Amino acid sequence: MQTTVNRLPRNLIIVIALGVLVLVASSMIPAGFFTWLWDRLNVFATVFLGIFVEAVPYLLLGTFASGLVEVFVDRDQMSKWVSNRPAAAAVSGAFMGMLFPVCECGVVPLTRRLFRKGLPLSAGISFLLAAPVLNPIVIFSTASAFGWGQMLFWRFAVSLVIAVVVGLIFSVEQDAGNILRPVLSDHEHDHIHAVAGDSATEKVRKALLITVDEFFDMGRYLILGSMLSAGLQTFIPQSALLAVGSGPILSVLVMLLLAILLSICSTVDSFVALGFVNTFSFGSILSFLVFGPMVDIKSVMMYLQVFKRRAVFYIVVIPFMMSLLTGLIFNYLVR
Amino acid sequence: MKLRLSFDTAAVGLLLVIATLIGVVIFIGEQAGVRVRVDLPEDGIVGPYQTITFTFSEAFDSEMASSLISIDPVHDGYLEWTDTYTLRFTPVQPYQRNVTYRLLVEAGETASGGREVKQAQTWNFTVREPRIVYLRLQEDRYILWSAAADGNDPQPITDETLSVISFDASQDGEFVIFTSRNDQGGVDLWRVSRNGGDASVLLDCGVDRCTTPSVSPDGTRIAYSREAAGPTPDFPFGSPRIWVVDMVNGQDGPVYEDQQVLGYNPVWSPDSNKLASFDGLADTINLIDFQTGEQYLFSSNTGGPIAWSPDSTKMVYTTVEQKEAGIRTQVRLADLSINETITLVGEKDTRDYFYYALSWSSREDRAVLSFRASEDQPTQVLWVFNPGLLDGIVIADDPDYTYYNSPQWDPWGEALLFQQFKLRGEYKPEIGIWQSGMGESKFLIEGFMPQWLP
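Just so you know, the sequences run in chain order A and B. Residue 78 in this note's numbering sits at position 78 of the first sequence, with consecutive numbering throughout. Position in the second sequence counted from 1, then plus 1000, gives you this note's numbering.
Simulated from the structure, these hints should not be mistaken for lab results. On a predicted model such as this, the values are computed, not experimentally measured, just so you know. Any given hint could turn out to be false.
[Stated by the list, open to error] Partial list, computed: chain B residues near chain A (C-beta under 8 Å):
#	residue
1	1005
2	1015
3	1025
4	1026
5	1077
6	1080
7	1083
8	1085
[As the list claims (entries may be wrong)] Some chain B residues near chain A, calculated using beta-carbon distances under 8 Å:
#	residue
9	1010
10	1014
11	1114
12	1148
Idealized CB from N, CA, C, for every residue including glycine.
Please build the complete structure, drawing on both the sequences and the hints.
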């Protein structure tokens, strides 16, 4: 009681001091500041909603696929489907996207689930990186934007190579516990799991419950990532990046940064990239199309819920460096 | 003892390898300088109006076109950047035959990013001989054929599944646009390459009729007449209006917003900026300049062909005037550079010469006009003349032929193709040819509506 009496005046003083500070600051702020801030907030809200609304259906799809995997696939089946040899597992993991057409938002919860079902690290990592590109929806959207030509071919070839290489590197780690966050190996969602003898209806009901749980679990990080991306886009205008984007090295770096910043879903990023065709080189655009689906702000936020920070660092940096190398090879030596 | 690689060692090792490769690529790339590709055929043989595209590996300042590229011998044309990496040379006049051109990209110029063109690069090309394209009736279908300019090596470029109604060859000779009826009773636009066998629908017109295509000389747009279908199949088609479809972005729409402006037989100016068409309802030739947006009207009641001077500043067309002595067909010349229209031919004619077919070559001093030479004969003759001096020679006047029509000059203005029909005997549509210095024209091959395929 005595403590409360002592704190109240101090809090009051802080509030008054803050109020005075705000008043003084606002009198010093230029007249147009609040209009500018309001405009920026409007832009922020629009960009945030754009990213979030675009990504949400794919997150839902991914979590639903995750729920289905949980109730319909058991560990024994998984070990039958995926080879234990690292190279074969990495390659097959990269092509699993053809079966699970999810973009980078949906692939994270699905990969987490597949890991729980015993998917080898190499296969899971290459699936995580390749599935947002190596799936039928993205094949058609890329072909719609760039035609059935070189951009399509190289996007898929380079994505495949990067995914497999990163998968192989992760296969070196024998203990998955050093890569995955502990929550995966403990009892996350243990209250919902299929048991032998469950009817199909019951399995679907459980899959939907898992979907809901996981959607809200991952959705938080999607919102956080979308807000971060929207914030960066609001206060670092694209034009500023594009203005420095000439030259064989800088143009690739700018496009890689744009890929992180824009956080566009891989199903539609080809159409955005098409807008850069007259300004940026083939290599720069290719690196944007390869790296964007693997790493962006919102996906990094979600990776952090599945992998340890050290693993996330490599998941981000190795594809970044390989995409940079690809862009430079095309800019300097090929085209 | 088996040595186990740790995850971190493997990952960092890979990153080091990638970083080294990045360094090597940058080093090699910097040594090589800016690279450039040119879209020439492997054999170096191009069409007379071939646009040549240079693609640089780095962005360049748009001011830098003329110091980067040169062509030897010097040839008139314009250089334009389609984007910061791509420079395009479009010839104004056709490349000369039997001349080897040398393209040179100069060393020493610097791209926007600071890298230099380190080595000068050259490419050689020569121009191919033009072919001709025409229609042949096979059973009940019109098939597109092409042949060498001497009539040899005829070969079909469309097959019997399609019946061609009208067509136009692109100025660079790389493709032909034609029209053919569809299953819905409408007429679609099709595209086929010069070698044929790859015809595909360019524009599905559904129940509408899209006819008389005209390819802009720069090859980027197709103008055509479009007749809208009635509300039910029993209703007649609407009046034709001029539409343009963009080959680059696929945009398609009417040229004139006013639905009362009708149009038929569109004709592009050689610079691809102006489009003339005939409005049969208003008895006018409508002309639109796409660069300035200006529109012009010229009174004409013949619906006859329109021809452009090679510099795109003058247009000739026919019209019929009621004079005291009777009806007189006249050839009018509209000079857009001074906004003046004069009667070029027929002002003081004592009788009607029925001037009809017109074509102006790529040479300012050479055009052709068809007219009825004799009052007693329906036969029309072809007169090759100098529009500036109005002197010339008749090059086709065989009285056995009733009609000479659809004249078209080759890219150099040296040879003329035309349609001819025999007056007597078995009906056979023929294609005739006249070449500069040869006096009379001669029969080339059987067929309809001949055009050059440069």
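At a threshold of 8 Å, is the proposed contact between residue 1005/B and chain A supported by beta-carbon distances?
With a minimum Cβ separation of about 6 Å from chain A (threshold 8 Å), the hint on residue 1005/B holds.
Holds or violated: is the Cβ of residue 1080/B closer than 8 Å to a Cβ in chain A?
13 Å, violated
Closest C-beta approach of residue 1077/B to chain A relative to 8 Å, hint status
22 Å, violated
Does the nearest C-beta of chain A fall within a distance shorter than 8 Å of the C-beta of residue 1114/B?
Residue 1114/B check passes; min Cβ-Cβ to chain A is 7 Å, inside 8 Å.
How about residue 1026/B: closest beta carbon in chain A under 8 Å, or not?
6 Å, holds
Hold the hint about residue 1014/B up to the distance rule: shortest CB distance to chain A must be less than 8 Å.
OK, holds: residue 1014/B within 8 Å of chain A, min 6 Å.
Next item in the hint list is residue 1010/B. Is there a CB on chain A closer than 8 Å to its CB?
Status holds, d = 4 Å.
Does residue 1085/B meet its interface restraint, that is, does its C-beta lie within less than 8 Å of any C-beta in chain A?
It holds, given that the least Cβ distance between residue 1085/B and chain A is near 6 Å, below 8 Å.
Measuring from the C-beta of residue 1025/B to each C-beta in chain A, is the shortest one below 8 Å?
Nearest chain A Cβ about 5 Å off; hint holds.
Less than 8 Å between beta-carbons is the criterion; does residue 1015/B satisfy it with respect to chain A?
6 Å, holds
With chain A as the partner, please determine if residue 1148/B meets the hint condition of a C-beta pair closer than 8 Å.
Interface hint status for residue 1148/B: violated (33 Å vs cutoff 8 Å).
Please verify that hint: residue 1083/B, Cβ, nearest Cβ of chain A, below 8 Å or not.
4 Å, holds
Violated hints for the displayed structure, listed by number in ascending order: 5, 6, 12.
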